[in-house]
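K.L.:
Taken in order, these protein sequences are the chains called A and B. Each residue of the first sequence is one higher than the one before, counting from 299 in our numbering. Each residue of the second sequence is one higher than the one before, counting from 32 in our numbering.
Just so you know, the hints here were simulated from the structure itself, not pulled from any lab data. Here the structure is a predicted model, which means the values were calculated and not measured. From the three backbone atoms N, C-alpha and C, an ideal C-beta is built for every residue, glycine too. Possibly wrong hints are sitting among the right ones.
Chain B regions said to be covered by chain A (calculated; three or more residues, Cβ under 8 Å) [claimed, not checked]:
#: 1; segment: 97 to 105
#: 2; segment: 240 to 249
#: 3; segment: 323 to 333
#: 4; segment: 340 to 353
Listing some non-contacts, in silico: residues in chain B with all C-beta distances to chain A over 12 Å [claimed, not checked]:
#: 5; residue: Ser365
#: 6; residue: Ile402
#: 7; residue: Asp406
#: 8; residue: Lys468
#: 9; residue: Lys625
#: 10; residue: Glu673
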Amino acid sequence: MAEKKKKIIKTIKVDADKCNGCRACEVVCSAFHAAPKYSSNNPARSRIQVIRHPLKDIYVPVYAGEYTAAECMGRDKYVIDGKEYEECAFCRASCPSRDLFKEPDSGLPLKCDMCEDDPPQEEPLCVKWCLNDALTYEEREEEVDDEEEVKLEDMEVGLESLVDKFGLQKVMDTVTRMSQKD
Amino acid sequence: MRYAETGFNLEIDLSRGSIERVETDPRETELYLGGLGTNAKILWDRVPPEIKPFDPENLLIFSAGLLCGTPATGCNRTIVTTISPQTELMAFSMMGGFWAPELKYAGYDKVIFRGKSPKLVYLYINNDKVELRDASHLQGKGSLETAELIRQELQDPKVQVASIGLAGENRVYFASIEQGRSSASRLGIGAVMGDKGIKAIAVRGTKDINVARPAEFIELCNEVREYIKFRNENPIPGVMTILQGLGSPQEMKVHDEKWHTENFMWGNARVRRRDFWNEEVAQKWSETLDTMRTRLISCFNCPMECGATISPPGLLTYMMKCFSKLTYTMAAFSDLDFGLGIAQSATEYGVDGFSTPQVMAFALELYENGILTDDDFPGMPSDNEGRFYWLLDRIVRREGIGDVLANGTYWAAKEIGKGAEEYAHNTIKKHEQLPLKLSMLNPIYFLMYATGEKINITQIEGQFPQAPFPTMEEREAFVKDWFQVPDEKFKQILLDWEPRGEKSMPYYPTVQMCCDIVDWQETMHYIDDALGMCAGLSSFPLKPPYHIHNYPKFISSGAGIDMDEAKLTHAIKRYRTLVRAINISRGMRRKDEKPPEDHWKKRFPELEKELLDTYYTLKGWNNDGIPTQESLHELGLDYVSEDFVKRGILTGSDDEPPKEEASAEKKKQ
């Protein structure tokens with residue numbers, strides 16, 4: 299039997315009614331994740347994206363979630379309070395169906411990491427930079443089964459998506475060719 | 032590597048349809064910073080005074096500010112520069128919104144248009160892909176409508192679009208350029224865009240903007256955000272509500288309009304209604320705002336909510352900012368219901384919210400006084416609201432009397448004649464002003480109205496309280512944490528300044544003090560306009576988060592240009608003087624530098640002369656308002672001197688005699 303273990307659940311609460319559409323969250327997210335840190339910024343690289351249609355009063359900050367190699371069998375479209383949201387508006391996936399949550403140059407997937415940092419940030423920076431309280435941060439503890447978690451290294455996540463896109467053989471050939479160049 | 036800026040401009044020749052990506056000289060950035068500064072340099076170099084606003088050689092420059100696209104909060108302004116059809120001087124209207132950062136992310140600092148397109152086009156910029164596209168299907172479309180159609184056509188909701196409506200297409204002298212929740216409205220730059228055959232510029236960018244010293248820069252940004260939070264929680268006591276906080280005056284938030292409606296003038300900037308505001312009005316107007324206002328909204332990377340989406344019943348939603356909330360209402364002697372409704376049409380047509388209502392009120396005044404007659408208004412409805420809608424339509428289509436009015440009150444009055452000039456009473460340098468008429472001369476405001484080259488009071492005022500605090504306790508409380516002052520002397524001026532008695536207006540602050548206050552206020556606006564910073568977080572409100580002490584650090588760590596307060600002040604003076612030089616070369620002189628005659632009841636011609644004399648000296652200008660050879664040399668603007676001597680504007684000797692005929696202008700009355 300697996301033992302019970304405490305786990306911290308990190309939640310960003312999005313109050314879309316309070317969003318003013320300014321995209322400060324996108325700015326600081328992309329700056330924080332630049333290398334070196336804050337050396338550049340580019341909202342297209344942000345792991346939070348504000349889906350905005352001002353004239354339809356639609357403001358939805360969405361976080362980058364899991365990478366998926368294949369899109370869903372169909373798409374969804376929500377109408378809430380008479381407002382029709384665009385296809386897949388609430389979906390967090392970095393998915394072949396759209397440009398969202400991909401590095402604009404390489405196409406590699408992006409995923410929100412809650413601003414993991416050393417020393418840790420008090421709260422994700424998008425939350426810190428949202429002075430309008432559209433984003434707030436919550437933490438709670440939960441008991442979960444203690445299972446050995448295999449955590450892929452960052453590079454593997456990237457490679458995996460390349461393998462999905464081009465096949466393992468092509469990626470291996472490329473790596474071989476690159477190593478021969480030096 | 033270039034920091035903060037991209038180092039590239041787009042040069043578009045509309046006559047040939049050619050598009051070039053041109054690398055810029057980093058030394059120009061050091062000298063003129065960017066935005067307005069480098070725009071002025073380009074205009075000086077390439078648009079000599081012989082070029083008229085609608086000549087193909089006139090340029091239309093869309094520039095992002097130097098720090099746009101960086102994480103600096105509120106830095107999102109586009110500075111649009113051209114020669115104004117209304118004033119025939121340099122125009123540099125600006126807009127917030129989302130366009131300038133997007134241009135930076137696409138890899139450009141400026142888009143420079145020359146020539147004229149043979150047919151209506153729009154420019155599409157998508158990173159390295161830049162193309163002129165046919166816009167014939169957008170002809171006559173509203174500005175917001177155009178933006179939506181382009182986004183659909185390009186299938187990209189993230190494209191930022193700056194566009195003109197019918198007014199721009201028809202070269203109305205007060206046509207605006209609309210974009211997101213903002214517009215560049217003043218001085219008719221939309222008309223130049225229309226004249227060049229550009230319906231819109233759509234831009235999308237996904238590239239990086241770099242900063243030179245990241246850790247230092249983000250720390251400065253964090254300090255600014257912290258201070259904004261502090262200021263939002265600590266409004267300034269003892270001043271009018273709209274002056275207590277940051278941002279533009281929070282017109283979209285407030286319900287109480289007693290101050291504006293009872294202190295600003297109604298109609299053609301003449302009628303004051305001292306007892307207008309009462310409970311019934313308050314209730315009705317509050318209801319209107321609450322019903323029509325869907326959401327308070329912001330510009331790019333800014334927490335202030337100075338705008339709102341407005342949905343008038345039965346009309347399309349549009350976005351409004353600031354004082355256009357009341358300009359139509361008050362010009363037409365109507366109510367907020369009407370004001371918010373007609374502003375929807377005005378936004379789609381793309382016209383300036385200050386000039387337009389005033390032009391219409393002016394026309395109706397001429398009608399009431401028999402200078403214009405029924406023949407000029409065939410089919411005009413009899414109610415005021417109906418008349419405004421009718422006139423707006425005629426103006427943007429340039430039909431009948433609308434064709435005359437479309438040139439603004441100054442030119443329309445000239446063309447109409449028969450004494451119409453008397454009714455075009457509220458212009459400076461041919462440009463319509465806020466409908467404000469006061470009693471006692473305010474020497475600080477006198478200087479700002481007279482010499483401001485944006486020709487719009489909100490674009491020069493700020494920083495220093497508009498009125499003295501009645502008690503010493505209030506004054507001391509105000510100066511206690513007033514670290515934004517460039518010099519401690521400003522605190523003392525405020526401490527000594529009294530509402531009545533010896534140390535009160537118009538003789539206190541003294542002439543020299545007034546000059547220093549105005550110079551400080553103007554300096555802050557000019558920094559903002561080069562960096563692309565919104566005045567609402569810097570030059571406009573009291574105690575702003577950006578000021579002369581942290582700006583040099585922002586520029587150093589952001590753009591990698593070594594900067595301190597002295598060097599920054601010198602750079603501002605350089606391009607501020609260059610703006611003046613452009614206007615001087617176009618004929619502007621001391622005689623043009625005067626507020627409307629009726630702006631104040633109590634005038635002081637001797638004092639006003641002394642104010643102007645002293646201010647000109649402080650600025651390094653001669654008695655006619657022309658920069659002297661000595662000051663031009665100090666600023667590294669010898670090329671301006673040489674040109675002025677060649678044109679006979681300066682004589683070539685340093686001790687130019689003051690020109691009496693020009694200053695005599697002030698002595699009448």
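K.L.:
Are the hints correct? Go through all of them and say.
P.N.:
Structure-based check of all given hints:
1. For the segment 97 to 105 of chain B, the stated coverage by chain A is satisfied: 4 residues place a CB nearer than 8 Å to a CB of that chain, which reaches the threshold of 3.
2. Counting residues of the segment 240 to 249 of chain B whose beta carbon lies closer than 8 Å to any beta carbon of chain A gives 7, which meets the minimum of three for the stated coverage.
3. Under a criterion of three residues with beta carbons nearer than 8 Å to beta carbons of chain A, the stated coverage of the segment 323 to 333 of chain B is upheld, 9 such residues being counted.
4. Here the segment 340 to 353 of chain B counts 5 residues with a CB under 8 Å from a CB of chain A, which clears the bar of 3, and the coverage holds.
5. The beta carbon of B:Ser365 is kept farther than 12 Å from every beta carbon of chain A, the shortest such distance being approximately 25 Å.
6. Once the 12 Å rule is applied to beta carbons, B:Ile402 is consistent with being away from chain A; the minimum gap is 41 Å.
7. The Cβ of B:Asp406 sits about 41 Å from the closest Cβ of chain A, beyond the 12 Å cut-off, so the non-interface label holds.
8. Chain A leaves B:Lys468 outside its interface by the beta-carbon criterion, the shortest separation being 36 Å against a cut-off of 12 Å.
9. Residue placement check: B:Lys625 keeps its beta carbon more than 12 Å from all beta carbons of chain A (closest about 40 Å).
10. In this structure B:Glu673 is separated from chain A by more than 12 Å, as the shortest Cβ-Cβ distance comes to about 42 Å.
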